[in-house]
Amino acid sequence: MNYIDLYKIQLGQDKQEIEKYYETDIYNEYCGLNCFLNNFERTNLSIRNAIEDVISNLVEEESHIEDCVKLIKNTINEFEKSGHPLFSTYDFDGVLFLIGDMTVDSQGIMIEDKSYMVVDLAAYLSAKDKYNPISFVVHEVVHPIHYKYNPDMYFRHYKNYKEVVLKRMLIEGMATYLTKHFTDESDADIFWLGYLDEIGIKNWINYATDKKESLSKKIKKLIENDELESEYGYLLFSITDPEKLWKGRLAYYYGYDIIKSIHKVKSIDEILSMQLEDFFPHILNYFNIEL
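Last residue of the sequence shown: 1095 (my numbering), numbering continuous.
Hints in this document: simulated from the structure, not taken from any laboratory. The structure displayed is predicted, hence computed values, not measured ones. Some clues are possibly wrong.
Said to hold, decoys possible - Think about it this way: if two alpha-carbon atoms lie no more than 27 Å apart in a straight line, the pair counts; the simulated DSS-like pairs of lysine-lysine are:
1) Lys966 x Lys932
2) Lys932 x Lys877
3) Lys874 x Lys885
4) Lys1051 x Lys1070
5) Lys1006 x Lys1064
6) Lys1068 x Lys984
7) Lys1015 x Lys1051
8) Lys1048 x Lys1068
9) Lys984 x Lys971
10) Lys1016 x Lys952
11) Lys1016 x Lys1068
12) Lys971 x Lys1025
13) Lys1048 x Lys1016
14) Lys824 x Lys971
15) Lys952 x Lys1025
16) Lys984 x Lys1025
17) Lys1022 x Lys1064
18) Lys963 x Lys952
19) Lys1015 x Lys1064
20) Lys1025 x Lys885
Unchecked claim - Have a look at the derived ranges for each label pair, beta carbon to beta carbon:
21) Asp991 x Leu875: 17 to 25 Å
22) Ser1018 x Ile1043: 46 to 54 Å
23) Glu1081 x Thr893: 21 to 29 Å
24) Asn878 x Gly1004: 22 to 30 Å
25) Asp1073 x Glu1002: 30 to 38 Å
26) Asp991 x Thr828: 21 to 29 Å
27) Asn842 x Lys918: 18 to 26 Å
28) Glu821 x His1067: 23 to 31 Å
29) Asn842 x Ile1093: 44 to 52 Å
30) Gln820 x Asn1092: 56 to 64 Å
31) Glu845 x Lys874: 29 to 37 Å
32) Ser1018 x Asn843: 36 to 44 Å
Glycine is no exception: its CB is placed at the ideal position from the N, C-alpha and C atoms.
Full structure from sequences and hints, please.
What follows is the structure, encoded as structure tokens:
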């Protein structure tokens, strides 16, 4: 595996190298991902300022950062060594280890025609004791695999807010479903990567099921008018209640359920190849929407 340790530049003392990093395509693309996942409320400069604040608080944590890198690398290396079907069948171009602003723990980015898993080590460190490294790696590796296999599904390619929301639901649903398909981990480790226990997962699924009808109306409005109130965007993709984590990230379950249904009639390769418009009949059927 091609590992690129950008965090060493960020945590180093060479100011010239640090400035060069913040001018790279990698940093710009990380910022694009950050904005996409944070409702476009950030700029490259504001993200950099937040990252520098994070770095200032990592002075005593460098050995723990190295432990995170070692854990993730070892997990990937074991997958490759064992000939795991996800790693032996599909391709991507490497893993970028960097320090981010802690709002995106991991995802995938593309630089020209190359796709990479990107890991914010500060975000990973903050949840390391909860994350299942196997589920985490498989889920996050699916993103660069998906983008390389089908660049049209890359988050940068959207025409309107409707496509942003629906594409994100499907992207995360794909990663969640393939984590279940390619591992034997528990539902707690698959759906929330170990962040919730089994009871929390049961509450989450029940809550998503209960909210599905009311959210279907919002999804219909989104499709017809390209509008979605921010509170429902947060409900779909964010943690809305720190005391009851399961009352959020509902789109991950809906996306998972949609991909699961499609897999009954299509192969994984066929699903990975689907364009956003190919998913629309399945989305309408799932949410019982008539246009």
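Verification of the supplied hints:
no. : hint                          : in the structure
1   : Lys966 x Lys932               : violated (33 Å)
2   : Lys932 x Lys877               : holds (14 Å)
3   : Lys874 x Lys885               : holds (16 Å)
4   : Lys1051 x Lys1070             : violated (31 Å)
5   : Lys1006 x Lys1064             : holds (18 Å)
6   : Lys1068 x Lys984              : holds (15 Å)
7   : Lys1015 x Lys1051             : holds (10 Å)
8   : Lys1048 x Lys1068             : violated (33 Å)
9   : Lys984 x Lys971               : holds (20 Å)
10  : Lys1016 x Lys952              : violated (32 Å)
11  : Lys1016 x Lys1068             : holds (22 Å)
12  : Lys971 x Lys1025              : holds (16 Å)
13  : Lys1048 x Lys1016             : holds (18 Å)
14  : Lys824 x Lys971               : violated (32 Å)
15  : Lys952 x Lys1025              : violated (31 Å)
16  : Lys984 x Lys1025              : violated (31 Å)
17  : Lys1022 x Lys1064             : holds (22 Å)
18  : Lys963 x Lys952               : holds (20 Å)
19  : Lys1015 x Lys1064             : holds (19 Å)
20  : Lys1025 x Lys885              : violated (48 Å)
21  : Asp991 x Leu875: 17 to 25 Å   : holds (22 Å)
22  : Ser1018 x Ile1043: 46 to 54 Å : violated (19 Å)
23  : Glu1081 x Thr893: 21 to 29 Å  : holds (26 Å)
24  : Asn878 x Gly1004: 22 to 30 Å  : holds (28 Å)
25  : Asp1073 x Glu1002: 30 to 38 Å : holds (32 Å)
26  : Asp991 x Thr828: 21 to 29 Å   : violated (39 Å)
27  : Asn842 x Lys918: 18 to 26 Å   : holds (24 Å)
28  : Glu821 x His1067: 23 to 31 Å  : violated (45 Å)
29  : Asn842 x Ile1093: 44 to 52 Å  : violated (27 Å)
30  : Gln820 x Asn1092: 56 to 64 Å  : holds (58 Å)
31  : Glu845 x Lys874: 29 to 37 Å   : holds (34 Å)
32  : Ser1018 x Asn843: 36 to 44 Å  : violated (21 Å)
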